[in-house]
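> Use these hints to put chain Y onto chain F, whose structure you have.
The lines below spell out each chain.
2 protein chains.
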Amino acid sequence: MENFEFYSPTCFAFGKETENKAGEYVKRFGGTKVLIHFGGGSAVKSGLIDRVKSSLDKEKISYTELGGVMPNPRSGLVYKGIELCKKENVDFVLAVGGGSVIDSAKAIAAGVVYDGDFWDFYQGKQIEKALSIGTVLTIAAAGSEGSPNSVITNENGMFKRGARGDALRPKFSILNPELTQTLPAYQTACGITDIMAHLYERYLTNTKEVEVTDRLIEALMLTLIHEAPRVIENPNNYDARANIMWTGTMAHNNSVGVGRSQDWNSHALEHELSALYDCAHGAGLAVTMPAVFTYQMEHDIMRFAQVANRVWGCQMDFAHPEVTAKTGIEALRNFLISIGMPRNFQELGAKKEDIPKLVDVLCNGDGRKGVISGFIDIDKDIAQKIYSLML
Amino acid sequence: MENFEFYSPTCFAFGKETENKAGEYVKRFGGTKVLIHFGGGSAVKSGLIDRVKSSLDKEKISYTELGGVMPNPRSGLVYKGIELCKKENVDFVLAVGGGSVIDSAKAIAAGVVYDGDFWDFYQGKQIEKALSIGTVLTIAAAGSEGSPNSVITNENGMFKRGARGDALRPKFSILNPELTQTLPAYQTACGITDIMAHLYERYLTNTKEVEVTDRLIEALMLTLIHEAPRVIENPNNYDARANIMWTGTMAHNNSVGVGRSQDWNSHALEHELSALYDCAHGAGLAVTMPAVFTYQMEHDIMRFAQVANRVWGCQMDFAHPEVTAKTGIEALRNFLISIGMPRNFQELGAKKEDIPKLVDVLCNGDGRKGVISGFIDIDKDIAQKIYSLML
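Listed in order, the protein sequences are those of chains F and Y. First residue of the first sequence: 1, per our numbering; consecutive thereafter. First residue of the second sequence: 1001, per our numbering; consecutive thereafter.
Because the hints were derived from the structure by calculation, they are not lab data. All values derive from a computational prediction rather than experimental measurement. Just to be clear, a hint being listed does not mean it is correct.
Said to hold, decoys possible - Pairs of lysine-lysine, DSSO-like flavour, derived with a Cα cap of 27 Å:
1) Lys1208/Y with Lys129/F
2) Lys1053/Y with Lys1080/Y
3) Lys1021/Y with Lys171/F
4) Lys1086/Y with Lys171/F
5) Lys1369/Y with Lys1385/Y
6) Lys1125/Y with Lys1080/Y
7) Lys1208/Y with Lys27/F
8) Lys1053/Y with Lys129/F
9) Lys1129/Y with Lys1087/Y
10) Lys125/F with Lys1045/Y
11) Lys1060/Y with Lys1208/Y
12) Lys1208/Y with Lys1326/Y
13) Lys1016/Y with Lys1060/Y
14) Lys1171/Y with Lys171/F
15) Lys16/F with Lys45/F
16) Lys87/F with Lys16/F
17) Lys16/F with Lys1352/Y
18) Lys208/F with Lys171/F
19) Lys125/F with Lys87/F
20) Lys1208/Y with Lys1171/Y
21) Lys129/F with Lys1027/Y
22) Lys1021/Y with Lys1053/Y
23) Lys125/F with Lys1021/Y
24) Lys27/F with Lys1060/Y
25) Lys1326/Y with Lys208/F
26) Lys1053/Y with Lys27/F
27) Lys1027/Y with Lys171/F
28) Lys1021/Y with Lys208/F
29) Lys1125/Y with Lys1385/Y
30) Lys1208/Y with Lys1129/Y
What the hints assert, rightly or not - Which residues of chain Y face chain F? A few of them, derived with a C-beta cut under 8 Å, are:
31) Tyr1007
32) Phe1014
33) Glu1211
34) Trp1246
35) Phe1318
36) Ala1319
37) Pro1321
For each residue, glycine too, the CB sits at the ideal point set by N, CA and C.
Next comes chain F alone, as it looks inside the complex (with noise of 0.2 Å):
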């Protein structure tokens, strides 16, 4: 196991009815005035942005707001939202709604207390502080709620990069599966598609003995291999949308994948696919994940055995582990078409003729110098022949 720090100081207020407590965190972690910063329409449809601010007249906290974050957040929103707060003096920065609203209100709540551009921390620039940031979850899916991480859509090219810091964690996130019950069926998959994706990447690992880790990242696998029927079935199950939103957060806050070294080799190669075609972020990943995984598989036969193993219950054929190794990533292939996600470019909307360019933007695109690096090291050659595998 290697060195690590694991820092995760953000309050989780999880059950029924917690969003009208969002006044009260707000308080208890210091907030004056607040940006409260959501999507589209559903958030003020269903009543739960009125409910929200109803918590925090409650407290007599004021607020300022802005709607219109998109999937695949875009940087022009961001530069606004920075705007508003310095304008509104705003010290508290709610997001409500997914992963896509608490990334935008990361990146706003970091660029206003930044004199440069907020792209900066895009680019790797190190994030030293923000605006305090809290959450009120409504999708299970980027783990963004209990994540140091936003990751932005830059307009400019239309590019995703991500950024990082502990200045970024909410300091709380109310996670209430309720909210979650009226996602379509395909929204829903999507979530469960990224929370799997957040755990294969932390499982592909080069770190030797990491038996605690690797044993919950697959108890978090087998939550969701147990959930997803569930609630694709049933999208009222408060049970499985409860197990499947703990599941999201503990994929991603990190307390699963410290002290080894992990991936995102897939979450690098869908980015330019939701870039290019602005597909949602799970979809791209269930075409992703198997094609990266089965060209990746060579690098380490064993573990892709032991995950075929121990999560997707493939009968361990010791003679040829790599029998089992393939068996496991047709496993996962057929959980996600099961739940009703796209398994090739094709149905994903995704063109064979456009691979040379999202091969170029992934390997140099922005700055990058033609590799990037995880489980394995993906150059050009190597891209073009997993982006090959997924026609």
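Relative to chain F, chain Y alone:
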């Protein structure tokens, strides 16, 4: 799943040589005058206390010290520590040791800023505030490094009682598995048993539909089963020590126990044993757990069958799940014996004729009302039966 709040703001610094960062962490979390609290001579003789002092010197942080914490830490030293902190204007308590030292440090930290008798907190009074606490852990066992709990033995009657409060959560905990490599096999095994008990107590729930935390608890149990024989065979196996250490922390910071009722009957029955005989808490649990589970099994056969099947690898007997359930308890007992733990009263040094006394203190000591509650309610009659199962 039940509503919950989960808040674990402890910063964990894990890995080799991390104790040399103690000073940095005290500074980061605002300490200016430190009480170094420790146990017997081993922390001194090994040079650990000196390394911690050096790291404080480096940051120009002054300190005073108080050693002498015994296993099953006593109220007497807590009073002494409170007095010392007040006299020396200490604002940060740094525990260097295992669970006993940390629990004693927590009691001191709460007592310093309270006008009454600190024992009030161990009789149920709410803990509102405490001095900041940091830890340098030397035994993987109690999980106190990440928990809001403390257990102290009152010398006035020799009974153990627990207190709880978010203010008791350490600001930081330094976890260096190397520091545990010098532990004798018996103490190592006691620690593993304590961790296993923390997992079982959380596993035995009356809450339905808690797949995610069931799976996470199972993951940590599986890790112990894998790593325990390796570390007993080779005490210098760093990676086995590391896996056990993170398991111990995760087992008790409650990230795997949220949203569900928990048991804690085994701990309650054991506390009377270690209070009376001053035996190691882990050794007492090794005798207590199988007896408690054998009695409690009928309350939910399928839960015991589940842990038997998923964790201990017992074949599920679908016609007679009680057979599987019982086999799982036997597997636990055999595991504990295999790492050197006692199997019954005699091996523990407990006496049959003391059972009435144990039962009396358990159910009626220190203000209790004849019944303790957990997975099942235990009254004096049941307690007598369970203690008799340990003979």
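> A separate judgement is required for each hint: does it hold in the structure or not?
Each hint, compared with the structure:
Proximity of Lys1208/Y to Lys129/F is assessed by CA-CA distance (about 42 Å); at most 27 Å being required, the pair is judged violated. Simply put, Lys1053/Y and Lys1080/Y have alpha-carbon atoms about 21 Å apart, close enough for the 27 Å limit, and the pair holds. For the given pair, Lys1021/Y sits about 26 Å from Lys171/F by alpha-carbon distance, which is consistent with the 27 Å threshold. With a C-alpha separation of about 32 Å, the suggested pair Lys1086/Y and Lys171/F falls outside the 27 Å cut-off, and the hint is violated.
For the suggested pair Lys1369/Y and Lys1385/Y, the alpha carbons sit about 19 Å apart, so the restraint of at most 27 Å is met. At roughly 21 Å between alpha-carbon atoms, Lys1125/Y and Lys1080/Y fall within 27 Å of each other, so this suggested pair holds. Of the pairs offered as hints, the one joining Lys1208/Y and Lys27/F is violated, with about 33 Å between alpha carbons and a cut-off of 27 Å exceeded. For the given pair, Lys1053/Y sits about 31 Å from Lys129/F by alpha-carbon distance, which is inconsistent with the 27 Å threshold.
This hinted pair checks out: Lys1129/Y and Lys1087/Y have alpha carbons roughly 19 Å apart, not beyond 27 Å. For the proposed pair Lys125/F and Lys1045/Y, the alpha carbon gap of about 45 Å is over 27 Å, so the pair is violated. With a C-alpha separation of about 53 Å, the suggested pair Lys1060/Y and Lys1208/Y falls outside the 27 Å cut-off, and the hint is violated. Between Lys1208/Y and Lys1326/Y the alpha-carbon distance is near 22 Å, which keeps this suggested pair within the 27 Å criterion.
Between Lys1016/Y and Lys1060/Y, the direct Cα distance comes to roughly 24 Å. Compliance with the 27 Å bound is thereby established for this hinted pair. Distance restraint check for Lys1171/Y and Lys171/F: the Cα-Cα separation of roughly 16 Å lies within the 27 Å cut-off, and the hinted pair is therefore satisfied. Of the pairs offered as hints, the one joining Lys16/F and Lys45/F holds, with about 19 Å between alpha carbons and a cut-off of 27 Å not exceeded. Taking the CA atoms of Lys87/F and Lys16/F, the gap is near 35 Å; set against the 27 Å cutoff, the hint is violated.
For the suggested pair Lys16/F and Lys1352/Y, the alpha carbons sit about 49 Å apart, so the restraint of at most 27 Å is broken. Under the criterion of a C-alpha separation no larger than 27 Å, the hint pairing Lys208/F with Lys171/F is inconsistent with the structure, at around 34 Å. Our distance criterion of 27 Å between C-alpha atoms is met by Lys125/F and Lys87/F, whose separation comes to about 25 Å. At roughly 34 Å between alpha-carbon atoms, Lys1208/Y and Lys1171/Y are farther apart than 27 Å, so this suggested pair is violated.
At most 27 Å may separate the alpha-carbon atoms for a hinted pair to count; Lys129/F and Lys1027/Y meet this at roughly 19 Å. Under the criterion of a C-alpha separation no larger than 27 Å, the hint pairing Lys1021/Y with Lys1053/Y is consistent with the structure, at around 11 Å. Annotation: proposed proximity of Lys125/F to Lys1021/Y holds, straight-line Cα distance about 25 Å (limit 27 Å). Of the pairs offered as hints, the one joining Lys27/F and Lys1060/Y is violated, with about 35 Å between alpha carbons and a cut-off of 27 Å exceeded.
Of the pairs offered as hints, the one joining Lys1326/Y and Lys208/F is violated, with about 35 Å between alpha carbons and a cut-off of 27 Å exceeded. For the proposed pair Lys1053/Y and Lys27/F, the alpha carbon gap of about 39 Å is over 27 Å, so the pair is violated. In summary, the hint linking Lys1027/Y to Lys171/F is supported, as the alpha carbons are separated by about 22 Å, within the 27 Å threshold. For the given pair, Lys1021/Y sits about 25 Å from Lys208/F by alpha-carbon distance, which is consistent with the 27 Å threshold.
Of the pairs offered as hints, the one joining Lys1125/Y and Lys1385/Y is violated, with about 32 Å between alpha carbons and a cut-off of 27 Å exceeded. Taken as a hint, the Lys1208/Y and Lys1129/Y pair is broken in the structure, with Cα atoms around 34 Å apart against an allowance of 27 Å. The closest approach between the C-beta of Tyr1007/Y and any C-beta of chain F is roughly 4 Å, which is under the 8 Å cut-off, so the hint is satisfied. For the restraint placing Phe1014/Y at the interface with chain F, the shortest Cβ-Cβ distance is roughly 5 Å, inside the 8 Å limit, so the hint holds.
Hint status for Glu1211/Y relative to chain F: holds, with the closest Cβ pair at about 5 Å, below 8 Å. Annotation: interface hint on Trp1246/Y holds; nearest CB of chain F at approximately 5 Å, less than 8 Å. With 8 Å as the threshold, the beta carbon of Phe1318/Y stays out of range of chain F, its nearest partner Cβ sitting at about 17 Å, so the hint is violated. For Ala1319/Y, the suggested interface contact is broken, since its CB lies about 22 Å from the closest CB of chain F, more than 8 Å.
Using the Cβ-Cβ criterion of 8 Å, the hint placing Pro1321/Y at the interface with chain F is not satisfied: the shortest such distance is roughly 19 Å.
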